[in-house]
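Undergrad: Could you build all of it, start to finish, from the sequences and the hints given here?
Residue numbers (this note's numbering), protein chains in the order written: chain A, 617 to 1065; chain B, 617 to 1065.
Calculated directly from the structure, the hints in this document are not laboratory data. Since we're looking at a predicted model, the values are computed, not measured.
No distinction is drawn between identical chains; accordingly, a pair holds when it is met within one copy or between any pair of copies.
With a cut-off of at most 27 angstroms between alpha-carbon atoms, the simulated DSSO-like pairs for lysine-lysine come out as follows: (1) Lys994 / Lys637; (2) Lys637 / Lys1003; (3) Lys954 / Lys994; (4) Lys843 / Lys792; (5) Lys996 / Lys637; (6) Lys619 / Lys707; (7) Lys843 / Lys771.
There are 2 protein chains.
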Amino acid sequence: MEKKKLVVIGGVAAGMGAASKIRREKPDWEIVVFEMGQYTSYAACGLPYYIAGDVESFEELIVRNPEVFREKQNIDVRIFHQVTAIDTEGKQVKVKNLSTGEEFWESWDYLLIGTGASAIVPDVPGVDAAGVYALTNLQSGIDTRQGIEKLNPAKAVVVGAGYIGMEMAEALLLLKMDVTVVDMADQVMTTMDKDMTTMIGDYMKKEGIHLITGEKLAKIEKNSEGKVKAVVTDKQTLEADLVILGLGAKPNSEMAEKAGIELGVRGAIRVNRKMETSVPGVWAAGDCAESWHLVKKQQVYIPLGTVANKHSLVAGINISGGNMEFPGVLGTAITRFKELEISRTGLSEREAQESGIECVATTIESSTLSGYFPGTGKIKVKLVAEKNTRRIIGGQIVGFNGAAKRIDTIVAAITSGMTAQQIVDLDLSYAPPFSPVWDPVQVAARTLL
Amino acid sequence: MEKKKLVVIGGVAAGMGAASKIRREKPDWEIVVFEMGQYTSYAACGLPYYIAGDVESFEELIVRNPEVFREKQNIDVRIFHQVTAIDTEGKQVKVKNLSTGEEFWESWDYLLIGTGASAIVPDVPGVDAAGVYALTNLQSGIDTRQGIEKLNPAKAVVVGAGYIGMEMAEALLLLKMDVTVVDMADQVMTTMDKDMTTMIGDYMKKEGIHLITGEKLAKIEKNSEGKVKAVVTDKQTLEADLVILGLGAKPNSEMAEKAGIELGVRGAIRVNRKMETSVPGVWAAGDCAESWHLVKKQQVYIPLGTVANKHSLVAGINISGGNMEFPGVLGTAITRFKELEISRTGLSEREAQESGIECVATTIESSTLSGYFPGTGKIKVKLVAEKNTRRIIGGQIVGFNGAAKRIDTIVAAITSGMTAQQIVDLDLSYAPPFSPVWDPVQVAARTLL
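TA: Encoded structure:
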């Protein structure tokens, strides 16, 4: 077997995952990873909990250091090295050593792009003020925590009530700040239907969040020292000495585009289900790339850690000469705000309608444990099904005390094409400390019938 | 539509569930339920928690009282009425009013037998001693709690380390007793494989239980007042002033057998998948009846609340003239011992071998949350798959902090015929407070490949 050379751009989840897989399959290949930052292979999803202090040091978020990759796996990871251009014809990348300023070209037989995503930073005046943070990578998390320690802010505004916004609002509340969350939509968590998110908004307010919906960020005001002073929406001015932007992520795909590699949904790098780009020999994985959606039957952009891990496995197997298709996503997501757990998968009712799918939906309220059991909590479950077949195509859960992980049952049901009746028929687990006799997911399925 | 008369024997989960379903379908039918005890429609699974005091009063366990059935649903529930004989030819049952002693015959067009199960009481000397309890129905739970309050026992011996034994051991520990658990098998929880139960036994010992395996109950010694003094095994004498028998349940099927109704597995009433017995017009549901096993493809005896509920739904629909087959069980069960959660579904490795299925199995250890997240706990997952196809046929989970309910993902996977690869491919939910990036169930599935 011929010895080949793989170059990987980006040393976080997708890049290092694929590199590791390929190393296992191809012990004699040359594998070089360029990472522009200082850190490799870390759990970005843990950043809000690191900022809150739930996770004490950022080192705990690092799964594996560059030295370990180098010594244990013979993967040549070069941190502080930024790839600045891709030459697909000449099969080489231009690299800048950020420590020395030196630039050089590195050749490859296979190229894997794992450049990740960046937080969306809106183009409004004052967004560059000191005290404005957006979570994008480990360094940004470290900066945010250090910034908070230095500024000791009393009033925080979180712009965007999605996953990151929600998790950061919890973190800042734990840090004893006065927290306002503002979103331009008329609800929090727009990946869910409004009938499910009302309970979330109510709980956030009860826990002390000033929640403002239906207002759009207009500008950020700074004081004479360049520090943030207020967030101005289209309707009011909100005092703030800390601002967190939670407006979602966009793929880092500009360099790929410049190299003539095709982009797809929302600017993500277009890939087939083998994770190969439009250019043979060039692969993409993780938050910079598209994913196949199992229900929508089309490519979507879902930048999440689980997806990045699966991307990297598929890309790694295919680059090594194997044959695997990306199995597809359902847009499954889970989070919590303090005690309230939130999860979703598949299509929301709104998404189903937008996709032109004739659907039925039901929302039920039940309890997470047997009603008489201490610690039982309220749970709401929404199921969305195709109208004719009653095949489940989406689910949403909001509730307390073990509510949200139940989404995995719905994930398995959607993936295997189950109908509402087939969910009712499942022999799910029951004991008073864990569930009512009919699991809330089954109660929802029964109501759908 | 002709007006018919339904008689139900037994007013707990299965009987009342079917009666309620039939009432909804047939508003004008006459429905009579005979219940020999005082209580209807209660959650027997909650009894250990009631005895522990987690659930304060037994009334909380009662879902619906006889009066409510009578007034709201026009179901003629007669408590303290024992059916003593079934006449299938004459389509009538012999009933004894336990309050008055009066006996009478009641006719029916349809008969539903929901007589439940009784705790197995071994035929050893001294088993009738005061202070020896076995949980069988709500009354037995009330008796046990009152007995404990009266006797104020210091030393308890639980015979049998299955679900009830485990739950009662926890309850007695909470009540500050010195608790010994003894089982004749060489492991606890024999519905699981020994490599999984070691962790349970170790934890029980750590929490203060004296755990004795591989010893068989020989007799119970009583003092001169007839009160229990000791439990004698085939190897030693264990002092005790309270004994709980947790030796499993046997179907209450003698009366059906005497009436010429066929019995099946382990003495349970033989039913087809419509829950009809060998005698046309006579149906059985709940802990007295068999259930279809989805993997074994044969009838089994699994007396559990969830199963009883599904039985009653199927029987109710069919008696009302509808058409539904019992969907089948996997023997899913879940429990906890203090903080340790335990669940299982499908076939254990031993059961698979006994069934002659060529299988592969794997046991992995992981964490319930992201490894760096506060409160993360150890979790062990075992998966059993058909050797050739890698189709999953069984799963077992032991662990802390949200471990056990993950069994439901495995239930859905087995039911829909998923392979280990298809479990790996599932887009399960992930966030640091809920799971590692690869859910432990997926880690086990990956190891199986």
